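Chemist: Okay, here's what each chain looks like letter by letter:
Protein chains: 6
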Amino acid sequence: MFSAEDTASILVAALPYIQKYAGKTVVIKYGGNAMISEELKKKVMEDIALMKYVGISPVIVHGGGPDITGMLKKVGKASEFVGGLRVTDQETVEIAEMVLSGKVNSSIVSDLNLKGTPAIGLNGKDAFLLKARKKLAEVHESGRVEKVDIGYVGEVEAVNEKILQDMIDTGYVPVIAPIGMGGEGESYNINADTAAARVAGALRAEKLLLLTDVEGIYRDFGDKSSFISSLSRREAEEYIDSGIIAGGMIPKVEACITALTMGTGKTSIIDGRKPHSLLLELFTPEGIGTEIVK
Amino acid sequence: MFSAEDTASILVAALPYIQKYAGKTVVIKYGGNAMISEELKKKVMEDIALMKYVGISPVIVHGGGPDITGMLKKVGKASEFVGGLRVTDQETVEIAEMVLSGKVNSSIVSDLNLKGTPAIGLNGKDAFLLKARKKLAEVHESGRVEKVDIGYVGEVEAVNEKILQDMIDTGYVPVIAPIGMGGEGESYNINADTAAARVAGALRAEKLLLLTDVEGIYRDFGDKSSFISSLSRREAEEYIDSGIIAGGMIPKVEACITALTMGTGKTSIIDGRKPHSLLLELFTPEGIGTEIVK
Amino acid sequence: MFSAEDTASILVAALPYIQKYAGKTVVIKYGGNAMISEELKKKVMEDIALMKYVGISPVIVHGGGPDITGMLKKVGKASEFVGGLRVTDQETVEIAEMVLSGKVNSSIVSDLNLKGTPAIGLNGKDAFLLKARKKLAEVHESGRVEKVDIGYVGEVEAVNEKILQDMIDTGYVPVIAPIGMGGEGESYNINADTAAARVAGALRAEKLLLLTDVEGIYRDFGDKSSFISSLSRREAEEYIDSGIIAGGMIPKVEACITALTMGTGKTSIIDGRKPHSLLLELFTPEGIGTEIVK
Amino acid sequence: MFSAEDTASILVAALPYIQKYAGKTVVIKYGGNAMISEELKKKVMEDIALMKYVGISPVIVHGGGPDITGMLKKVGKASEFVGGLRVTDQETVEIAEMVLSGKVNSSIVSDLNLKGTPAIGLNGKDAFLLKARKKLAEVHESGRVEKVDIGYVGEVEAVNEKILQDMIDTGYVPVIAPIGMGGEGESYNINADTAAARVAGALRAEKLLLLTDVEGIYRDFGDKSSFISSLSRREAEEYIDSGIIAGGMIPKVEACITALTMGTGKTSIIDGRKPHSLLLELFTPEGIGTEIVK
Amino acid sequence: MFSAEDTASILVAALPYIQKYAGKTVVIKYGGNAMISEELKKKVMEDIALMKYVGISPVIVHGGGPDITGMLKKVGKASEFVGGLRVTDQETVEIAEMVLSGKVNSSIVSDLNLKGTPAIGLNGKDAFLLKARKKLAEVHESGRVEKVDIGYVGEVEAVNEKILQDMIDTGYVPVIAPIGMGGEGESYNINADTAAARVAGALRAEKLLLLTDVEGIYRDFGDKSSFISSLSRREAEEYIDSGIIAGGMIPKVEACITALTMGTGKTSIIDGRKPHSLLLELFTPEGIGTEIVK
Amino acid sequence: MFSAEDTASILVAALPYIQKYAGKTVVIKYGGNAMISEELKKKVMEDIALMKYVGISPVIVHGGGPDITGMLKKVGKASEFVGGLRVTDQETVEIAEMVLSGKVNSSIVSDLNLKGTPAIGLNGKDAFLLKARKKLAEVHESGRVEKVDIGYVGEVEAVNEKILQDMIDTGYVPVIAPIGMGGEGESYNINADTAAARVAGALRAEKLLLLTDVEGIYRDFGDKSSFISSLSRREAEEYIDSGIIAGGMIPKVEACITALTMGTGKTSIIDGRKPHSLLLELFTPEGIGTEIVK
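Chains as they are written, first to last, in the working numbering: chain A, 1 to 294; chain B, 295 to 588; chain C, 589 to 882; chain D, 883 to 1176; chain E, 1177 to 1470; chain F, 1471 to 1764.
Keep in mind the hints are simulated off the structure, nothing from the lab.
Keep in mind that this is a model prediction, so the values were computed, not measured.
Beta carbons: idealized from backbone N, C-alpha and C, even for Gly.
A few of these clues could be false.
Here are the simulated distance ranges between beta carbons [to be verified]:
hint	chain 1	residue 1	chain 2	residue 2	range
1	A	Lys24	E	Ala1334	50 to 58 Å
2	D	Arg1086	E	Ala1334	26 to 34 Å
3	F	Ala1492	D	Lys1176	43 to 51 Å
A partial selection of chain F residues facing chain D, derived with a Cβ cut-off under 7 Å [to be verified]:
hint	residue
4	Ala1474
5	Thr1477
6	Ile1480
7	Leu1481
8	Gln1489
9	Val1524
10	Ile1638
11	Ile1710
12	Ser1712
13	Ile1714
14	Thr1754
Model the full structure from these sequences, guided by the hints.
Modeler: What follows is the structure in structure tokens.
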């Protein structure tokens, strides 16, 4: 199939990376198309299994938007959005928690276990994993920014990394649903990119990988040759200020910056639509996607 | 409040029991009124926290019937019963799993963590904790017993006690939702008493405590003086055969027998309606409820 | 006997204390009536056995005055006292050592072992446990204080806590006779309260308990309502200066102050005439006796 | 002083023995002249200190006859003997215990500690070290052997070798007074040779050394050239039967046989009147005294 | 260079093999062209470094014929051969040892250390690694086989695998010169294939790789399509008997059989002339060369 | 042979020294007559075996001049000397390495192993043990000192003490040939005294022993009574400056100073011609030879 020489070249190139990541923690934000397409989902699970197999400790943080919307519709609950965030009353957050923990999370855990990779589902309440507080939405109105209470939407206050480390040390792959727990035990819906960034920071992970539905960052989105394969944190901040990085890419890049600031080694925004994108990013010299580093 | 002598007597009596259970595993089936009344729920959580505090390793298996029924009603799903068991199609088991894992379990975990007892919610899919297979309902019709497929109702095939032991060893209280996982990753609804019995057996727990809504077993239900405080496994089997133990008590006693057969030290059916019933059963010479032993 | 509610209340109150002392060292000065009455002695041994049982590491330091006096009489040796201390020549200290080590100590060790609590008798010569030097008596004569050499009466110079810690770590209860060893190997008679205080300090014990023949400290000895249940070290010192604490209570309070200064957590002067006074002091919120704390 | 060649020869010869005993347990019965002469006592202590120094774990069992007799006389207690054994009433055994534990033992412990060798005094009550039962005296009267109750004279029923091993493992030299403890906590006077043999057997010691006041065993006591330097257990038994071994030597040889039977490696009866007899026996190829081996 | 898909395919295929060999021992017989060509030597060293890098424990056994011949010529020593083996007098074996240990071995060790792979050179005398005895040459003369003494040519009697395991456990790559040590300390020249086989057997290595100058075994040497990629031990024996395996291949196949018999997992005869043949054999599903298995 | 008293005296004197060195590392420079005379060699090996036996960790660094000269002669290579150092071209250093590693070292290793002392031969290339660089010869010509390149003569740049410590920890005696490895893998001939000093320094050895062919240092070489048994480092430096220490003794004393500066406890220059000089130096109070200390 492949010539012996080609195979040898790829192995000689990959082996140092395999060794480099052995025993290290890699946090993966799993979402988008890679979660919707059954074909891609299968390959992501295969990649995670192989990562675990060669000694990496993967930690998964997943999203779950479409399923929540579906369930809300099923129980006849209309959704209202303010400043891009869903208004989340008590009933909504309860349904979000049920769907994220009791369905999406469960399904990923189940797939990994079927592949022989022992996984455990967690949400932010388990051993106070994600301590959270209310996050107000920002509404830009008549030139002013106003903060609006939209209910049980939260932000991470603290991560109990001990529980994750205990799981990793005893050989399990933690799969985390982004539900936070407030000081009174109340639930909060948390953005999955941010949750992944905070988890990567708390674990001082070797790498944070955000699976997205784009190839990475372009200097000029229309010009394929302007692809940026590596950025420093400082450059990333400048590109946001100057508008090179814009729209939905901003929160993802900010998540990377947060993770780096808290001690994560490297971060990458990669194309989850490409099969085996995780392996290619980790084990080839050129990687794929856009890397943001210190 | 209490005389020094009374206090001393109770302590002298309790200390040997406290020592006896130190470092031991006690599995608690949590359900019934003790789960519905907020007052009782608070005391059960307090008891579990104190048990953990004095060195016992509690493991919780909970039920959740009323909440599932509530949610099914909400999404407009009618329930059908065959042979006393709910017919459980794909949508029903999905909702059961969401409610059990994403709501009931989550809420117990949250309460324990607020009390400073680090708890982790699990269901049968986590690290293949409860491997399950389909269980057919038995329908007695015209003198014959017929087996009927009622969907995703399951029975435990195997328990992965390693994951529980790992949790216990790293200091967490496992809280288990009785959802089983089939060989293809499909979910099964499992009876919580049976699940607790299998977990207690797999862990070779020191004790299995079933919280119920009755005081225990009577030789003659109408005569309070006929209360049975201790039964051997063999006697329990005879009492079922002779009809002394009947109705809803049968599956609970069978769960105790299963646990004993698999290596659990002792089992007790106790009255969850009594405040602090867990502490009284464990730390007083007379205990409460009916004990079934080898 | 007791209502379930009362029992539950006492347990709920006691469990945190039981946990608090688990793994901690508690030094007990054993003397007075609790040593003379066979009835009380039995209960003290029971308490020590239960303490060990629930994970506390008790260390006993005992007195032995009456037995020494008895033996001196037997061999026809008259006792002379100067400044409240017995003049102790070579023959006297030899007899004191034989009685304390070879009789009183032996008898406590024997009782504990019969209760299944592995105890080991020690005196200050074992592994140089209590390094001692001569202590002069203070005689108040015509307004002056004169120091008088009364022979082999000593004070502790240093405690070899390693030997005690080794005993504790290997699971034994050390029972210590207050005989000190001088630099030439000579024996000294040491006051048992002081020896206990020094041992508690050297071990940085959680608690020092002095069993006495009084209820504790009163602000006004004639007025039972003036009982003091807790005192700070500073207050204790003031009360000695102001004469509220007087007579035989002074050396006991000074022993507590010494222990606190050297790192003991808390100290208590308790009534050894009350049955199970050790358990009541340790495992009830109100305790008994007078506590002196930092 | 010595030529380099002589020194080298002695070292080359001794080093393998030093290595051979490193980490091994050697039980020494200490008694007789080596205990009475201050000069010899000093050298025995020096030898024990050096043994400990080069990695041997010595365990001392001592006698104490003359001191007990002295004390009994002091309190005006007459001694009666039946079948060679002292009739030992309650008062006598109490005085024996005080003298052995509180004086003789204390003095050995003190001497070793002054030499920098951490020693701990024990008697049979410490952690139930020597469990004992009554031993009847045998009286030969008109051709018959009658068993006579002579009070608190005992024989060893069981040795708690764990406490000795714990002491050894934590670096202490156990010094044992031969007082046994009966099932009710009562004290028994035990023969020191036998106690040493049982201790050596229980510890499966490498060697048992009995310090005596003779050079060893002679085939013909009058003929110095008939000295026996090594005997097998079987030969020793034959020599007792045939009368070659007689009188006071019999119980010593029987102690050796007991120790060998229970698992001690080798035993030696050596001349405690010779300075440094312990070192010469252990570290020279020829040894001194008579060795009895399996 | 390579497409992402090709790279992903090769990695997905290789990762399980990388994991499979992690922590395992692989013994490599290094000789032939791969030792003579500087280009190939560099690649072999690179492969060994990568193997160590991903967690394999390589053990090298090397030959060295040409260098020995060179040195013998230099000192003017003529070589005589009997039955295919060099007649090896005292001077010859001394020179062989100097060349193998002091030159060839040294050079491999030096190359690996320069690559950052900590290697240690050994010969059979180090900690008695290769205990050897004289091996007689077999001379076929007039139909009879005669055994002839040709001096210091030896065969392995025993391997001290402990020293190798100690090296491996402390992280070093052992590099072994095939010099054996006789019972009197005399040196023997040992065949390197056999030495490698015995080492692989003693270590119960996962794999033995023999680097040769052929592609592997052919059923019919002239027909390239008759290449045998896998053989059972039994088949290998039959092929030798039937002459399919012949000539210089026989001792190599016999070495494989010896290693398998002693507990080596698998063996392979591979083409050392192919670059990176070690990596290709280990980390690709098809491997290269001929594998001989149980 | 010796009187018991003499034997006891020597043992009493030696035991503290034996204990003092137990578990310590002693580096021995082995060379001179003790290496040439078979009789002395046997005794040195016996001493090293005994040292290891009583718990010392010996490390040997050996020389090998005569054998190298012999081999150079054999291959017809003439030697040229500049500034007292042999001009060492590529061929010369190759032969030196073969002789030192493949013959002299091998023979010492073999002798120790035959005595039951597990030894391993090393040279500076093993795990980069002796990192070396070129050392220029100093030629004194017409009042000036000129530095001359004489080829592969080196000096130690760094010692990898980890490999030695690993050997020691796993129970082996390292035997080191003084060949250093340069940054490109090239070999250097290193002076054995200096190599031993650097090894002793890197290991922070308890003692460095240099075996020489003289009795030690004399204040006045002609006057036997002027023998110096102990010198401080400072005195040693002054004696070199003042010419009391001169000639071939200078590099040896300088080696001692180097070792002391780097953390070796003590150093001794001893007479290798005296049988058992190692034992006499270590285990007698007076030692032999001249000690140089901090």
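Chemist: Hint by hint, where does the structure go against what was stated? Just the numbers, ascending.
Modeler: 1, 3, 10, 11, 12, 13
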